[in-house]
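Single-letter residue listing:
There are 2 protein chains.
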Amino acid sequence: MKINPMWDKYPLIKHELGLTLALMQKNIKTDNEPVSKAILEMINSGGKLLRPAYLLLFSMFQKTDRNKIIALAAAIEILHMATLIHDDVIDESPTRRGMSSIQKQFGQSTAVYSGDYLFVVCFNLLAEYASDFRGIQQYGHHMNAILNGEMTQMVERYDLNISIDQYFKQISGKTGQLFSLATFLGAYESGNKIKFAKNAEKIGLNIGVSFQLMDDILDYTDNSQQIGKPVHNDMREGVYSAPLILAMAQHKDLFFPFLKKKNKMTDQDTEEIAKLVIEFDGIKKAKKYAETYTKKALIQINDLPDKPAKKALIDITRELLDRQS
Amino acid sequence: MKINPMWDKYPLIKHELGLTLALMQKNIKTDNEPVSKAILEMINSGGKLLRPAYLLLFSMFQKTDRNKIIALAAAIEILHMATLIHDDVIDESPTRRGMSSIQKQFGQSTAVYSGDYLFVVCFNLLAEYASDFRGIQQYGHHMNAILNGEMTQMVERYDLNISIDQYFKQISGKTGQLFSLATFLGAYESGNKIKFAKNAEKIGLNIGVSFQLMDDILDYTDNSQQIGKPVHNDMREGVYSAPLILAMAQHKDLFFPFLKKKNKMTDQDTEEIAKLVIEFDGIKKAKKYAETYTKKALIQINDLPDKPAKKALIDITRELLDRQS
Chain A
1 MKINPMWDKY PLIKHELGLT LALMQKNIKT DNEPVSKAIL EMINSGGKLL RPAYLLLFSM
61 FQKTDRNKII ALAAAIEILH MATLIHDDVI DESPTRRGMS SIQKQFGQST AVYSGDYLFV
121 VCFNLLAEYA SDFRGIQQYG HHMNAILNGE MTQMVERYDL NISIDQYFKQ ISGKTGQLFS
181 LATFLGAYES GNKIKFAKNA EKIGLNIGVS FQLMDDILDY TDNSQQIGKP VHNDMREGVY
241 SAPLILAMAQ HKDLFFPFLK KKNKMTDQDT EEIAKLVIEF DGIKKAKKYA ETYTKKALIQ
301 INDLPDKPAK KALIDITREL LDRQS
Chain B
1 MKINPMWDKY PLIKHELGLT LALMQKNIKT DNEPVSKAIL EMINSGGKLL RPAYLLLFSM
61 FQKTDRNKII ALAAAIEILH MATLIHDDVI DESPTRRGMS SIQKQFGQST AVYSGDYLFV
121 VCFNLLAEYA SDFRGIQQYG HHMNAILNGE MTQMVERYDL NISIDQYFKQ ISGKTGQLFS
181 LATFLGAYES GNKIKFAKNA EKIGLNIGVS FQLMDDILDY TDNSQQIGKP VHNDMREGVY
241 SAPLILAMAQ HKDLFFPFLK KKNKMTDQDT EEIAKLVIEF DGIKKAKKYA ETYTKKALIQ
301 INDLPDKPAK KALIDITREL LDRQS
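So the protein lines, in turn, are chains A and B.
Following my numbering, the numbering of the first sequence begins with 1 at its first residue and continues without gaps.
Following my numbering, the numbering of the second sequence begins with 1 at its first residue and continues without gaps.
The hints are simulated quantities; they were obtained by calculation from the structure and are not laboratory data.
Heads up, a few of these hints could be off.
To be verified - Below, a list of computed lysine-lysine pairs in the BS3-like style, where the Cα atoms sit at most 30 Å apart:
(1) LYS29/A to LYS202/B
(2) LYS29/A to LYS169/B
(3) LYS29/A to LYS198/B
(4) LYS202/A to LYS29/B
(5) LYS29/B to LYS48/B
(6) LYS262/A to LYS37/B
(7) LYS169/B to LYS104/A
(8) LYS260/B to LYS37/A
Whole structure, please, built from the sequences with the hints as guidance.
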């Protein structure tokens with residue numbers, strides 16, 4: 001089982017993430033070999049597993065049945081994979097985590113059904129392990145918000161006048177709500193009071209938003225990533241993120257001629273835009289926002305009871321802000 | 001609210017199907033106007049609403065909270081719509097129920113998210129109204145089987161040697177399991193014993209299989225349907241159904257030259273095949289199977305307690321076998 005090296009410093013989390021992956025694998029059992037194979041490869045591709053990790057961490061403020069918590073961690077990562085696979089269908093993305101995407105390898109049909117299948121696996125895990133309807137209902141509520149975020153992003157594609165508020169609404173939905181579901185479930189299902197769980201949910205939202213901001217920044221600054229991801233594909237697909245939106249605000253005339261070419265933009269065009277983004281401080285401004293959200297999360301985490309998990313939460317949340325890839 | 005005229009003879013069911021549609025509408029609330037509009041149009045397109053109707057009927061053997069039952073009926077029809085929308089993405093089908101499909105009208109992305117969104121709406125209704133985890137778990141179990149059926153159908157496309165057993169496995173999954181989920185939920189959630197609900201589940205499976213057989217037969221015999229559906233599109237897509245499989249069994253050499261053209265088949269090719277299917281008794285043989293499954297269901301229904309719902313179940317199940325469209 002390949003666990004991302006970022007967890008080497010946290011042996012307990014690393015151990016439980018290993019169990020999470022094993023349980024995910026165990027639950028993938030379709031009669032359909034290509035689908036199973038594709039999903040299993042994706043499980044083993046060494047993703048960061050941040051959502052299950054935060055779920056695990058927020059469950060550690062109480063003594064609780066670890067098997068149940070690990071099953072819920074598996075559910076949340078499986079839900080995340082389902083959304084990734086369907087996003088790749090929509091973006092017609094050829095790659096995912098440096099590998100050929102399911103969509104590219106096995107075709108669109110397999111990708112649509114694989115995503116649907118993972119939704120069901122997630123559902124089954126929740127139905128088996130959630131302690132009450134509250135957890136289940138919360139899941140539905142977040143899924144709703146995640147999809148609304150994704151659909152809003154879809155509708156606002158190629159909107160040259162997209163505001164930073166619209167961007168935040170999109171990412172609060174598509175990324176924030178998945179993180180906040182993870183932190184809520186971890187807190188709630190380990191037997192914490194609803195007040196604690198609602199607080200965990202708020203912290204998760206801030207972490208998720210900061211994480212997405214950093215991800216969008218790294219699209220411009222991380223050269224290593226270009227192996228795994230098509231370069232500035234989002235831009236070509238009309239998905240404009242914080243660095244671009246913030247840089248473009250005062251200088252639309254410079255950006256529009258390139259962006260107007262939409263998916264006909266050449267690599268040179270996107271490179272030109274990337275230069276403009278840096279020139280007009282898009283990265284710096286976006287990083288400021290990420291810092292603000294991380295800081296909010298850290299202040300909230302600081303108020304949590306003093307348990308070993310608290311220290312890990314602080315370290316990891318800080319690390320995510322400073323990461324280079 | 002447009003209710004299919006097939007329910008005119010059953011005023012109580014018709015009334016509750018009206019409430020079911022109203023509740024479905026009420027639960028479609030996305031920020032995304034195209035998605036909402038597309039889904040609402042589909043809700044009002046006058047489908048037969050068989051799955052919710054069977055759920056309602058199987059809930060009438062006990063006195064129970066009708067609002068709850070209607071919510072679950074809405075959930076089951078919404079789940080059905082979700083699978084239809086994703087099927088249309090996979091088939092790249094231009095039409096659905098005589099209208100332009102969501103896929104065709106709004107593009108593939110909207111269709112993928114619309115289906116996902118409906119899965120979530122269904123999930124939320126179940127989480128709110130199901131009386132315990134048993135119903136929820138059953139739902140997951142059936143969804144799994146439905147998807148396995150659909151994925152098997154996808155993999156077995158263009159298999160010129162597909163057997164009738166393979167076909168039955170496909171339709172037991174994709175159609176049978178949705179019907180049997182409906183009948184199970186109706187029986188179980190109205191407070192019947194698990195034994196009764198398990199029996200209802202079996203009956204639903206037989207009804208669903210018979211229904212799908214008839215649907216596949218009508219693809220060859222119902223001329224009116226050609227307004228709503230592309231003619232023999234399934235054949236071109238490599239999905240071979242009972243009439244074709246049964247006619248082809250002894251005469252593969254006659255069918256193969258046409259079928260081998262796969263999606264390059266012309267309308268003339270598919271017409272030739274349709275003629276061969278009739279010539280070699282594909283319709284007759286498939287009808288025999290449909291009769292067998294309907295008979296099985298009717299014998300099982302006959303053993304149910306004597307309530308008004310029993311009479312309606314018998315009539316409707318018979319009617320489905322004899323329908324011409």
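Results of checking the hints against the structure:
no.: 1; hint: LYS29/A to LYS202/B; verdict: 24 Å, holds
no.: 2; hint: LYS29/A to LYS169/B; verdict: 17 Å, holds
no.: 3; hint: LYS29/A to LYS198/B; verdict: 24 Å, holds
no.: 4; hint: LYS202/A to LYS29/B; verdict: 24 Å, holds
no.: 5; hint: LYS29/B to LYS48/B; verdict: 24 Å, holds
no.: 6; hint: LYS262/A to LYS37/B; verdict: 26 Å, holds
no.: 7; hint: LYS169/B to LYS104/A; verdict: 28 Å, holds
no.: 8; hint: LYS260/B to LYS37/A; verdict: 28 Å, holds
Hint violations for this structure: none, all hints satisfied.
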